[in-house]
Amino acid sequence: MAETYDYSKPEYYYNRELSWVAFDQRVLGEAKDKNIPLFERLKFLSITASNLDEFFMVRVASLKDMVNAGYEKKDIAGMTAKEQLDAVNVATHQLVEEQYNTYNRSLLPLLAMNGLEVIERHEDLSAEDAKFVDRYFQDNVYPVLTPMAVDSSRPFPLIRNKSLNLGALVAKKDEEKRLIRRHLFQRKSGTVEKELELAMVQIPSVIPRIVQLPEKAGVKRVILLEQIVERNMDKLFLNYDIECVFPFRIMRNADLSIEEDDAADLLKEIEKQLKMRQWGQVIRLEVEEGMDQRLMEIIEKELMIEEQDIYYIPGPLDLTFLMKMYGLPGFEPLKTKPYTPQPVAELAQDANLFEEIRKHDILLHHPYETFAPVVDFIKQAAKDPDVLAIKQTLYRVSGNSPIIAALAQAAENGKQVSVLVELKARFDEENNIIWAKKLEKAGCHVIYGLVGLKTHCKITLVVRKEEHGICRYVHLGTGNYNDQTAKLYTDLGVLTCNEAIGEDATAVFNMLSGYSEPLGWNHLALAPLWLKDKFLFLINREKDNALANRPARIVAKMNSLCDPDVIKALYEAAAAGVKIELIVRGICCLRTDVPGIHNNISVRSIVGNFLEHARIFYFENAGKEEIYMGSADWMPRNLERRVEILFPVLDESLKKKVWHVLEVQLNDTQKAHILKKDGTYEKVDRRGKPLYNAQEEFCREYMQLATAKVKEAKEQRTFIPETHMDET
Amino acid sequence: MGYQTFAAIDIGSYELSMKIFEISSNNGIKEIDHIRHRIELGTDSYFTGKLSNERIDELCRMLREFTQIMKSYKVDAYKAYGTSAIRETKNTLILLDQIQTRTGISIEVLGNSEQRFLDYKSVASKGQDFQNIIEKGTAFIDIGGGSMQISLFDKDSLVTTQNIKPGVLRLREEMSRLSYRSYQLDEIVDEFVSDRLQSFKEMFVGNRGIENIILVDDYVSLIIQKGLIKTNKSGHILVEEFLDFVDQMKQKKSQEIAHTLGVPEENTSLLYLSALMIKDMIKILGANMLWAPGVSLCDGMAYEYAEKKKLLVESHNFEQDILACARDINKRYKSSEIRTKEREQNALTLFDALKKIHGLTKRDRLLLQLAAILCDCGRFISLNNVGENSYNIVLATEMIGLSHLERKIVAYITKYVTEPFEYYETLGKMTTLTRESYLRIAKLTAILRLAEGLDISHREKCEQISISFKEDSMIITVETNADMTLEIGLFERNATFFEEVFNVKPVIKQKKKNF
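Chains as they are written, first to last, in the numbering used here: chain A, 1 to 728; chain B, 1 to 515.
What the hints contain is simulated information worked out from the structure, not anything from laboratory work. Where is the CB? At the ideal position from N, CA and C, for every residue including glycine. Treat the hints with care, since some could be wrong.
[Stated by the list, open to error] EDC-like cross-link-like pairs, simulated, lysine to aspartate or glutamate; straight-line CA separation at most 16 Å:
1. 220(A) / 117(A)
2. 172(A) / 234(A)
3. 30(B) / 466(A)
4. 379(A) / 483(A)
5. 74(B) / 31(B)
6. 683(A) / 234(A)
7. 335(A) / 696(A)
8. 341(B) / 452(B)
9. 465(A) / 499(A)
10. 136(B) / 108(B)
11. 465(A) / 422(B)
12. 30(B) / 499(A)
13. 64(A) / 83(A)
14. 9(A) / 626(A)
15. 308(B) / 319(B)
16. 579(A) / 620(A)
17. 568(A) / 11(A)
18. 74(B) / 467(A)
19. 465(A) / 384(A)
20. 30(B) / 11(A)
21. 465(A) / 76(B)
22. 655(A) / 620(A)
23. 74(B) / 386(A)
24. 71(B) / 386(A)
25. 624(A) / 544(A)
26. 216(A) / 117(A)
27. 165(B) / 190(B)
28. 74(B) / 466(A)
29. 408(B) / 422(B)
30. 226(B) / 517(A)
[To be verified] In silico negatives: residues of chain A with every beta carbon more than 10 Å from chain B:
31. 26
32. 32
33. 85
34. 298
35. 312
36. 331
37. 336
38. 351
39. 358
40. 376
Please model the entire structure based on the sequences and the hints provided.
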């Protein structure tokens, strides 16, 4: 008889934070990849930097909170918060080192070779260039700077989270005049040579970080803003001598945990939290390598930061500026040719979406296919006289969102518009509040989230009064209603008027409006009440099938996998013989070296030009295959603390298409990283296998589909009259 | 558009709910939305007789939201019914006026029998499933917050119905006053409920075999409907399986029940109490199968609306149920079946012949028929004051399908058949009857008195009657060879009242049959 194992033991799990760092390493791998166009590599390096910022603000901050609170409970992998923090520190220091190695040793020389010179130090400017930047400083930068000196009458100023600052030690030119100061320094010799004061200035975020210098012999040259300010520091502190100037940057605890039960008005509470966020504990300090020790000591002391949280950076701080560098014109050959999302082949231009949906369900695959049908769905509903109501959940939307505009228009047209705006979407609160108020003003019924839960599901319901009764049109998706990110994130969505799904969608919005749960669900499974049980049921059903020698296989694609109950169920299913193929982009706490699972579980992570974001779940179910999609990852926060929706793909032809998405990703040999038994990730062993890039494959397929459609239209021997004018 | 959108609002003891329906003659009734909000109105009204200000505020807020939802569906009509929690407030009128002013929603208060009738209609709307079940001896159990209703079917007609207190919310409140250990709950509920059920069984079930129980409630039905108890057919469950399920629940904590069954934890106490009540009913009534059709009062309201708008073909003959119920009462009070039949026939013949004169409806015909059946039942108590006795019996006996007002009308008719008729001007001070209801009573009494007069000796002499009109007279020709001297002699007494009401003089003529 086969040996049985207790799969809940911590040794069968990876720590989620370290798994996250491993993910950022994979992104960094793209920046290192010589086969990738140079500017794309810059972009990936920038992404690793912004990822790391968020990781610190949320995850590291949370670990610090736990350590401060004396929280001893161990994580899924059996580590205390302190142990995790220590391990994370080592890993992130290493990651930062690799980031700058890549930047300094690979990318900078390559940029120079390709006609873009980055002048790293202002001291290296020629006299002519120096004159140019000084003028630039005078005209553009100086007016927006706020220099600050620190003494007893002016305490240490607030350093804004994530802002880039210059710290300087300055000495009064008139040494006779003694000032009462907070910080008095003596040179190590013990003799008082100068009395130094601390001075600071924040590098303004309203001015571009990258400043272009006049071209020289066809070479584009740039310098970073902080270098220009540093060069002109003496103009900010006129009566002082500048002893030294160094950039530094801090990261504060941004874990926005609102006491929702106590918040009488959630909106106000969030606004308050936003203001407070800047004052959070400093959890990371980045300083330029070689910073003056005296300056270092003051900053360290004032910010109350420990040595292990200081990062000495051998290059420019905050590499997210590389994303702006990516946007510099004139380097198109060094970038991947931009992909234009293709029109959805089965939808004619200006098609009446309601008519099309009535014919059959429509699958949308972004960004390969355009997001326009989703926006049009709301736009058409807003204008359609037969539409009674539009209901939608909004998590993160783009700045000038056409969806918000359409919803507002619908309300103005007398439709009943209900929008659940999730104010708790991380770092987006400020943005969310603005347009939520805009919607309310237009007459929409706005629900500002649910107490204690984040509403993460992506669902839109359009109720239409038709000849034979009410018809409900539903869009369900895996990605946010954001027309901008839909060009970069890979997501799937379905447009349907399936009656049972429509009933469920109505029930979802009733629940979100605060009414009691429905008496039952037809097809949808919702977190936090039912979803986890549904997943466990589906996994266990495969296990039972395997035990009964029936076909049993799971293919699941998601962003993160760290729910212990789900992982345990997967181990048990694999031990019973279920073949499990996981496509997990980011965190994965599941191991593949667990005893008894007979190599039945494989994990791959695809990191490509587009951000893999779709959640797809395939269950073979003894030959009666079921495919689900949804908004939830297999994480405790998704399954237990958020409102999420899992929906089945019911239409057989759509099922085939979604399966194809999984199949292509399982065949990727170029961008897929395989989780090895030692916990590291490695690119697919390509020996004997052709080069196959899933994302490129999809681009190709959708372009072919669109081209075929255009060709088909051209070959038609009948004319197609335009029936209405385009509204411009 | 060939359909109507209808909203049904149920202001229940522990829940406020609204269903939106689409109703058309082609597709029948289709539910398109169901909004529920938990609000324990019963907790206030059953024990204090009033709703607290907080509850009224919450109720009004929800009703205002409901109006928005109705608006969004562009509903053609709505109906809002309050049940026992509203009915049992001491200041119902003031309360309803306040709600209407604040929300614009006009709430009608349903009498118990009307409420149960709607529940019953919604079950009957399940069509063939329902017909199949009631072919065998069936008890229909409707558990509400304040009380429960048990009705019995005999040969596919509903023959008796009784309202028994407590309902599940009231029971929970009663239990909360007692001090007991959790494992004792089962026994205490049993003691509390069984006695009343036992009396019901002895008086009404007799030797009728009960094979099926149809269950309407807000908790157990849901569990059965969801298939959370092993069932062979959706909504159907064998009683052994149900009893096993109740035993399993007994072992579990509230949190565990909520998790296993996927119900909110706040509902588990009421769910368990409902289950215990049903267990007791099964024990006393004896049944093999439980059917939970999963309908609610709102479904009944939609059915009623569809019926009224003639969008629906009646799936079950409900009038037949009411008549069967009346006959069962008659039998209980040992009235003569043959006499009743003759009186009934005579009354209906007169009613039909007078169609052009009386201006009454089909529903009034039914009330007349009921009065004709029931007007002798007072004899069971005393041979004197038969009218007064019949009046009291009718008024105290529920007939599912009759509103309280209709029952009152029937009661008055049975009274005035033999007792002197009281004029509105006298009665008006003591009764809540409207002028319109009073006139209905007067007209129907006049007809029934005449019918009664045709067989005053109670010898069933009339074999056949025919009616004809001549100038201001109505000629009633009685075809019989029996001696009609008494009837003709005393006819004048009843004829005077008839003439006063209809301004037509009735004349009786005997026609001997030829051999």
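So, going through the hints one by one against the coordinates:
no.: 1; hint: 220(A) / 117(A); verdict: holds, 6 Å
no.: 2; hint: 172(A) / 234(A); verdict: holds, 12 Å
no.: 3; hint: 30(B) / 466(A); verdict: holds, 14 Å
no.: 4; hint: 379(A) / 483(A); verdict: holds, 13 Å
no.: 5; hint: 74(B) / 31(B); verdict: holds, 15 Å
no.: 6; hint: 683(A) / 234(A); verdict: violated, 51 Å
no.: 7; hint: 335(A) / 696(A); verdict: holds, 15 Å
no.: 8; hint: 341(B) / 452(B); verdict: holds, 11 Å
no.: 9; hint: 465(A) / 499(A); verdict: holds, 14 Å
no.: 10; hint: 136(B) / 108(B); verdict: violated, 35 Å
no.: 11; hint: 465(A) / 422(B); verdict: violated, 55 Å
no.: 12; hint: 30(B) / 499(A); verdict: holds, 11 Å
no.: 13; hint: 64(A) / 83(A); verdict: holds, 11 Å
no.: 14; hint: 9(A) / 626(A); verdict: violated, 31 Å
no.: 15; hint: 308(B) / 319(B); verdict: holds, 15 Å
no.: 16; hint: 579(A) / 620(A); verdict: holds, 10 Å
no.: 17; hint: 568(A) / 11(A); verdict: holds, 12 Å
no.: 18; hint: 74(B) / 467(A); verdict: holds, 14 Å
no.: 19; hint: 465(A) / 384(A); verdict: holds, 10 Å
no.: 20; hint: 30(B) / 11(A); verdict: violated, 55 Å
no.: 21; hint: 465(A) / 76(B); verdict: holds, 13 Å
no.: 22; hint: 655(A) / 620(A); verdict: holds, 12 Å
no.: 23; hint: 74(B) / 386(A); verdict: holds, 11 Å
no.: 24; hint: 71(B) / 386(A); verdict: holds, 14 Å
no.: 25; hint: 624(A) / 544(A); verdict: holds, 14 Å
no.: 26; hint: 216(A) / 117(A); verdict: holds, 10 Å
no.: 27; hint: 165(B) / 190(B); verdict: holds, 14 Å
no.: 28; hint: 74(B) / 466(A); verdict: holds, 12 Å
no.: 29; hint: 408(B) / 422(B); verdict: holds, 15 Å
no.: 30; hint: 226(B) / 517(A); verdict: holds, 14 Å
no.: 31; hint: 26; verdict: holds, 39 Å
no.: 32; hint: 32; verdict: holds, 49 Å
no.: 33; hint: 85; verdict: holds, 35 Å
no.: 34; hint: 298; verdict: holds, 55 Å
no.: 35; hint: 312; verdict: holds, 52 Å
no.: 36; hint: 331; verdict: holds, 53 Å
no.: 37; hint: 336; verdict: holds, 47 Å
no.: 38; hint: 351; verdict: holds, 24 Å
no.: 39; hint: 358; verdict: holds, 17 Å
no.: 40; hint: 376; verdict: holds, 22 Å
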